[in-house]
Amino acid sequence: MAVWIKTEEGRCLKVIDEWSPSFYVSAPSEEDLIKLTWYLPRNDIPFEYEFDEKFVRLQDSEPSKVLKVTVPDYASLRSMSRTIWQLGDYGKYRLWNLDIPLSQLYLYEKDLFPLAYVEA
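Note that our numbering has the sequence shown beginning at 611, numbered continuously upward.
Certain hints may be false.
With a straight-line cut-off of 30 Å between C-alpha atoms, the simulated DSS-like cross-links for lysine-lysine are [to be verified]:
| hint | residue 1 | residue 2 |
| --- | --- | --- |
| 1 | K624 | K645 |
| 2 | K702 | K616 |
| 3 | K678 | K645 |
| 4 | K616 | K645 |
| 5 | K664 | K616 |
Ranges between beta-carbon positions, derived for each pair [to be verified]:
| hint | residue 1 | residue 2 | range |
| --- | --- | --- | --- |
| 6 | Y727 | E658 | 28 to 36 Å |
| 7 | P724 | Y684 | 14 to 22 Å |
| 8 | K675 | Y718 | 30 to 38 Å |
| 9 | Y649 | P711 | 37 to 45 Å |
| 10 | D654 | Y700 | 27 to 35 Å |
| 11 | E672 | L623 | 37 to 45 Å |
| 12 | W648 | A612 | 18 to 26 Å |
| 13 | G701 | Y727 | 12 to 20 Å |
| 14 | K702 | E618 | 20 to 28 Å |
Derived from the structure by calculation, the hints contain no laboratory data. Because the structure is a prediction, the values reported are computed rather than measured. Backbone N, C-alpha and C fix where the C-beta goes; we use that ideal spot for every residue, glycine too.
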């Protein structure tokens, strides 16, 4: 990801950050998520995954177990999401953060916001 940083002196610096996009998958049960991890390595897309806890529905009083899937680039993001949709017969799995532009997703994941002071 290319990030432009403006110094206190007013100079603009381009910083290249090696970053990979990720998205979240929720399922009816934790067992369904575990089964999904068995099938995902069968495709040719390099990826990493980890289990996390997030609030999935507004009415949830406690977080649910979700799967965070990280891929190397935007093309892999689209391809992996299609694969997961297909594995779940287009309804079993809910996919999160796929509708967020990559530049905005980067800021969220790095806990940044436009015009933030950062140390680079």
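Task: Whether the CB-CB distance between Y727 and E658 falls inside 28 to 36 Å - done: 31 Å, holds
TODO: Measure nothing beyond the straight line between the CA atoms of K624 and K645; if it is 30 Å or shorter, mark the hint as holding.
DONE: 42 Å, violated
- [ ] Starting from the range 12 to 20 Å, see whether the pair G701 and Y727 falls in it by beta-carbon distance.
- [x] 44 Å, violated
Task: Restraint status (C-alpha distance of K616 to K645 at most 30 Å) - done: 46 Å, violated
Open item on the list: Hint check: K702 vs K616, CA-CA at most 30 Å. Holds or violated?
Closed with: Since the Cα atoms of K702 and K616 sit roughly 45 Å apart, the hinted pair is violated (cutoff 30 Å).
TODO: Could you check the hint for me, namely that E672 and L623 are 37 to 45 Å apart, CB to CB?
DONE: Taking Cβ atoms as reference, E672 and L623 lie about 43 Å apart, which means the hint holds.
Task: 37 to 45 Å as the expected CB spacing between P711 and Y649, which holds or is violated - done: 29 Å, violated
TODO: Quickly compare the C-alpha distance for K664 and K616 to 30 Å and report which way the hint goes.
DONE: Answer violated: K664 to K616 is near 34 Å, above 30 Å.
- [ ] Measure nothing beyond the straight line between the CA atoms of K678 and K645; if it is 30 Å or shorter, mark the hint as holding.
- [x] The hint holds at about 14 Å.
TODO: Indicate whether the distance between the beta carbons of K702 and E618 respects the range 20 to 28 Å.
DONE: About 51 Å separates the Cβ atoms of K702 and E618, which means 20 to 28 Å is violated.
Task: W648 paired with A612, Cβ distance criterion 18 to 26 Å - done: 36 Å, violated
Task: Outcome of range test on Cβ distance (P724, Y684; 14 to 22 Å) - done: 21 Å, holds
The earlier numbered hints that this structure contradicts are 1, 2, 4, 5, 8, 9, 10, 12, 13, 14.
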